[in-house]
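Peer 1: Below, each chain spelled out in residue letters.
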Amino acid sequence: MAKLKIEDLEKITEEFKRKMTLREGAGRVKITVHLGTCGIAAGARKIMNSFMEEIEKSKATDIIMTTSGCAGLCSREPMATVEVIGNAPIKYVDLTIDKVKIIFDKHVMKGAFVQEYALSVGSEKIQ
Amino acid sequence: MKPYTIQLMICAGTGCVSNQSFEIKEVLEKEIKKHNLQNEAMVVTTGCNGFCGAGPIMVVQPDGIFYQYLKVTDIPYLVEEHLVKGRPVKKFMYVPPKEEIPIPRMNKIPFFSGQTLVALRNRGMIDPEFIEDYIARGGYRALAKVLTTMSPDEVLKEIKKSGLRGRGGGGFPTGVKWETCKKIPGDRKFVICNADEGDPGAFMDRSIIEGDPHSVIEGMIIGAYAIENVREGYIYVRMEYPLAIKRFNIAVQQAKDNGLLGDNIFDTNFCFDIKVRRGAGAFVCGESTALMASIMGNPGEPRAKYIHTVEKGLYDCPTCLNNVETWANIPQIVLKGADWFTGIGTGDVTHDPWGGSKGTKVFSLAGKVNNTGLVEVPMGITLREIVFNVGGGIRDGKRFKAVQTGGPSGGFIPESLVDLPVDYDELTKVGSMMGSGGMVVLDENNCMVDMAKFFLRFTQDESCGKCVPCREGTKRMYDILYRITKGEGKEEDLDLLEELSNMIVESSLCALGGSAPNPVLTSLKYFREEYLTHVRDKKCPAKVCRELLTFSIDPEKCLENGHGCGVCEKNCPDGAIYGEKKNVHFIDSMKCGKCGVCFDVCKFGAITVE
Amino acid sequence: MINVNIDGKEIQIVEETTIVRAAESAGIWVPTLCYSELFEPYGVCRICSVEVIRGKRSRIVTACNYPLRDNGTKILTNSPRIQTIRKMIMELLLSRWPNVQIIKDIAEAVGVKEPRIKCLERDEDPNACILCGNCVNICKDVVKANVLSFENRGIKREISLPFDEKSDECIVCGACAHVCPTGHIKIKTLGYERGALQDWYLGPKTAINIPTLQAVPRVPIINEEACIKMQTGGCGICSTYCEPEAINYDAKDEEVEIEVGQILLTTGYQTIDLKQMPQYGYGRLDNVYSSLEFEHMLNSTGPTGGTILCKDGSVPRAVGIIHCIGSRDENFHKYCSRVCCMYALKFAHLVKDRTPAEVYQFYIDMRAFGKGYEEFYKRLLDEGVNMIRGKVAEISEGYLTNGEKPFLMVKCEDTLIGKFREIPVDMVILCPAIEPQFDASNIKKIFSISQSPDKFFLERHPKLDPVSTMTDGVFIAGCAQGPKDIPDSVAQASAAAARILSLISLGEVAVDPIKAEVADEYCSGCRICNSLCPYTAISFEEEKKVSFINDMLCKGCGTCVSACPSSAITGKGFTDKQILAELEGILSV
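Residue numbers (numbering that gives the first Met the number 0), protein chains in the order written: chain A, 0 to 126; chain B, 0 to 609; chain C, 0 to 588.
One chain only, chain A, in its complex shape (with noise of 0.2 Å):
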């Protein structure tokens, strides 16, 4: 290990920060996307995988990318909420991957939400 600069500390925090950010559930965005038995059927390990390439590509580091279960619309998997914190959260169903670059592209990064994909605007608790 070399010897530290201060420098470095930003580099250190920089290269963590994703990891932190999650842990600390803190961050700008929170994408979950829904993977139960349903979802994962319906190819929801796909769109994760679409989101988690999108977020690579703009190099953002305040976007949290999460799982969780059924929220109990299942016809209308693959399904994703997103929410910008502040802003209430957006379920997005029947999702594909051109879909999710677009989601991406205006709600995540600019901010505005898509309104033909989503079902609801309003908040969920979490069971």
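Hints are all accurate, no fakes.
Here are some of the chain C residues that sit facing chain B, going by a computed Cβ distance under 7 Å:
hint	residue
1	Val-43
2	Arg-45
3	Ile-59
4	Ile-84
Simulated crosslink set (DSS-like; lysine-lysine; CA at most 30 Å straight-line):
hint	chain 1	residue 1	chain 2	residue 2
5	C	Lys-55	B	Lys-160
6	B	Lys-569	B	Lys-602
7	C	Lys-228	C	Lys-139
8	A	Lys-4	B	Lys-335
9	A	Lys-56	A	Lys-100
10	B	Lys-255	A	Lys-16
11	B	Lys-428	B	Lys-159
12	A	Lys-58	B	Lys-144
13	A	Lys-18	B	Lys-245
14	B	Lys-304	C	Lys-139
15	B	Lys-537	C	Lys-117
16	C	Lys-55	B	Lys-304
17	C	Lys-55	B	Lys-181
18	B	Lys-156	A	Lys-4
19	A	Lys-16	B	Lys-245
20	B	Lys-144	A	Lys-4
21	B	Lys-29	A	Lys-16
22	B	Lys-489	C	Lys-112
23	A	Lys-2	B	Lys-144
24	C	Lys-55	B	Lys-156
25	B	Lys-181	A	Lys-4
26	B	Lys-245	A	Lys-4
27	B	Lys-29	A	Lys-18
28	B	Lys-245	A	Lys-10
29	B	Lys-489	B	Lys-538
30	C	Lys-454	C	Lys-390
31	C	Lys-377	C	Lys-390
32	B	Lys-542	C	Lys-117
Computed, partial: chain C to chain B, Cβ under 7 Å:
hint	residue
33	Cys-44
34	Ile-88
35	Gly-153
The hints are simulated quantities; they were obtained by calculation from the structure and are not laboratory data. No residue lacks a Cβ here, since even glycine has one placed at the ideal position from N, Cα and C.
For this one, chain A is given, so just place chains B and C on it according to the hints.
Peer 2: Just chains B and C, lined up with the frame of chain A:
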């Protein structure tokens, strides 16, 4: 780096480790691999979360789901349900007492929501054996700021302004101590971290060390810089904390490897190094002069402090000794500024460093509360809030009687004073003290005389024996209390206890003797009636002191419920119960040895104890 | 210098003075128990607690180690608060050690009679250890031997040696026994142990001392075996007090070589070791003294200033003086020591003069041979000294049944009345035999002189030449030659000096011509002759690698001549050629 989607924070503080949290981690990793989730779920061991009564604990981030009382056999089910199927498991969650609905999120549980984390800010969030975690959460920034933009005098001024007072119990203003040490001429000075935490039941410092050792190290480096001419630091850890010693050694080594300890830190002229030293099992070595004697290889005995250790301490050089928690607060004060710190707490320290108690304090809440563990709360919070909100109230619905603060050096605070704000001076005014932060809650089934005897037994056993008042005096006091609990006390004994206590407090050589009689003095002050009942009526109202109890059989219950079953008679080791089958049984109080076996075996509650 | 106020008295003291010293200078007594001037204050008994008031703050501190630093400090040594503290501390100590004298004294001084507290660790021994730490501190700080230390914690604390075993590091200096306030530590004598001083002195002396106050020169000597500094490097207190800094611990004995022509030996005598005769009780019983010890007591610069006292300080009621201890004795020395009768009579006279005691003189013959001696003896008879002719068999302890203090019983035979007698006395003085110095045989070898059968040095002729020896140039005088008193010693010494001076004035010494000499060419350097010479006259020259005969020492006995394997040594005037020529001359007639 592909981000993980879930992080599983397993508590690896000593409490949870002793309850197999390392084994839980192994099984967890195995299960995750089995389900092929190792790229999505990361397992992290952290330091103590504080809710030690509910361990082993695991927190699932980013949602902050809190799991308690985990067993190794629970893990496969948990992984399958929560990680694979996405359904957090209710039966492992926290349920408030007397309620049925669990609270899944950690930050909604009152035990956690009532706390303000400063010294414990990294609690449950970092792996203490991984310096990058500490740095990623803002670690060593304070040091960088200090070494590049502040002069030693500026650092000192900031600490003085913050009003930080010693967290080891003395409550001495840290800034004043640093300043005095700085002013003494000398080109070889020391800083010491006192991690000897000897109070029985206190584990605040241990949690800080096991969870976040770098905060202490960073604090010490900043302190060494501010005092100037300090190139050597010592950390003295009690030998009964092997995990803490291990984590400190790893942390110091990692800091050294990264150039944060040693020569030319951050490419400046500042050089500083730390050595870790172990204690050997003596409470008295938490006293600063005894600690320094121990580091120098001499017997751990205190000496007169008319010449303070900041003037002549380790190897006769000026030495600044501070507690673990004090050091852990330093980086935050430097980063966020003294004004932020003075915004928390009580009083006003702009002109008088003793004018208030600023910042937060970590308490170890123990005894008859529902939520036992470590809590960090702002100074000025009332005892009621700590016991009833954060602590969740008294267990089993019993009545609150008193709270004992400050360990064996502190005193009892009765119910009438439970709205007292917690800070250094308020507690001292009523005869107790904050001490290092131990807080034991007592209910109606605790006998105050017995509690006083318990604490006095500890200090009397740990007395080094050097000076006459402490060595002889505490032993005599203990003998008197022992006789009182055996029913041989006299009323004059109470006055004698008070006189002895006052003399020991005034004339002992060190603070062990100077504070050992506090439990007795406060219990006499607030619970004198209970003492009088012991000596006059030879009875123990809390039903604790064995020799003062009388066991008898309630004839109604025995006959109607138990039908004279005779189980008690069979089990009595003294042959003190007699009676015919199907008839009422009686206890011969002359033969009764007061062992309590009959009380335990009677299924009908027919044995009454008075 | 700063001003402080003690109990209302304003005094000026040097900064950093401790309160107890400041109080001392103001004439105020502060009770102490664990304090001693010999080492750093330990501050554990807390009895010296006093109240110190600086500004508005009042504080209880210990007077022995609190340094006074601030001008205007007020000290109260006996306020009600202090009195309560002191009383309680004494109650604690008294309940644990009720019979220790020093605790009883201080308790009385502060007004505590009976403790109210019962102590489960009560120790009734009047010499109990009270854990004051004096012994540990003096052994650690002053003697620097670090033999004693505290063991265990809390109420179980006690003093011990490492591993509770006898320590080899202990130098038996007695410092711990000296500072122990209760007499718990005692120095036990096991015979002639290290550090014990000669039996000249009545009572213990310090390692650095002036042997007698009438010594010339009047300069102290350091007894190396008893001196702590020379044993462990600690102490050294005497040099801190010596203003001219005359004490040098590193001074070593030097060997000096001087070339002389004549030597006068006056190496003196020693008295017989009285411990060989246990029946007289010397070293075992109190108040049995040798004559030299009694002489020391009589001297006005002695330990009692010239008063005759028993060990317990009382005046003796009767004194027994016994002659011929070891002299005229088949078992020890057959000769008479000559001087004892007269000094014993002197003792009797002085005892009669200074005390009202009865004196009993136990003698065999009264040898009053000199000028005025017989008249002195007569005078003593008139003074009422009891003369008992007979040897003393035994001295033992005697007790009266009415409980009076014990005395010494002298059992003897009174041959003049033909009875055995038992005489009670309070003090016995023994007259030990005079014998040659312990190293007389070594001296003899060095100087090539002989000893007579009584082991004193042999004179050349007992009547006609009592100051010379067989070796030319070596003379003897005084008791080295035989026991004698002062007038005779002086006479003999003057004679020897005169002989020496006459030879010096001659400038040359005429010696016997019969000597041996070594022929260097033949000497092989085998050195057989060196050890054979009874007069140690032959030595070996390293450079020439030949033996060499000292003409002054050689007596011409011829031993070396016959022993030399190379025939390198010849007697002067006795070469083979000369002897054969003589034989020829005789036979030719």
